[in-house]
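Engineer: For the sequence shown, the numbering used here assigns the number 139 to the last residue and increments by one with no breaks.
Keep in mind the hints are simulated off the structure, nothing from the lab.
Treat each hint with caution, since some may be false.
The calculated label-pair distances, taken between Cβ atoms and stated as ranges, are [stated by the list, open to error]:
| hint | residue 1 | residue 2 | range |
| --- | --- | --- | --- |
| 1 | V125 | E105 | 17 to 25 Å |
| 2 | R48 | V125 | 32 to 40 Å |
| 3 | Q90 | R47 | 30 to 38 Å |
| 4 | R47 | G89 | 23 to 31 Å |
| 5 | G89 | D115 | 29 to 37 Å |
| 6 | D115 | A93 | 12 to 20 Å |
Note that CB positions come from ideal geometry on N, CA and C, so glycine has one too.
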Amino acid sequence: MNLAANSAPDQAAPPGDANGAHGANGANGASGTNGANGANGANGARRPAAVHLLLFAAARVAAGTATERVCAGTVGEVLAEARLRYGGQFAAVLDGSRVWVNGEPAPLDRALLDGDEVAVLPPVSGGASGMAPVTVVS
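Go ahead and model the full structure; you've got the sequences and the hints to work with.
Structural biologist: Here it is in structure tokens:
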């Protein structure tokens, strides 16, 4: 007989502790800070990741900043938040831009992890002003 387990028969288990697992990693996802997925436990939802949004060229000019910290679960969520923060001019630049995560092209539904770098890369063109036009000779 385990006296430690039975010494307080009238004491209720902590909330969300139906199977006796509680604390940092709640075994069944119903309790603890990390739940089953390091996130929200039983429902399987992911918590937003803290990522670095890196803005280049026209995106940086339109936003007025080169970098920002954003909490989001996917690339699409990061871009939606950036559109809200920086407005219409930024949104117009974003529409023609490529998005990379950690140095690789990324789809909008790509899940993010803490510390990921999400880079917005607008098309770059132009050149130095005041120069003569280039003539192509065949």
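Engineer: Taking the hints in turn, state whether each one holds.
Structural biologist: To see whether the hints hold, each was checked on the structure:
no.	hint	result
1	V125 <-> E105: 17 to 25 Å	19 Å, holds
2	R48 <-> V125: 32 to 40 Å	35 Å, holds
3	Q90 <-> R47: 30 to 38 Å	31 Å, holds
4	R47 <-> G89: 23 to 31 Å	30 Å, holds
5	G89 <-> D115: 29 to 37 Å	30 Å, holds
6	D115 <-> A93: 12 to 20 Å	30 Å, violated
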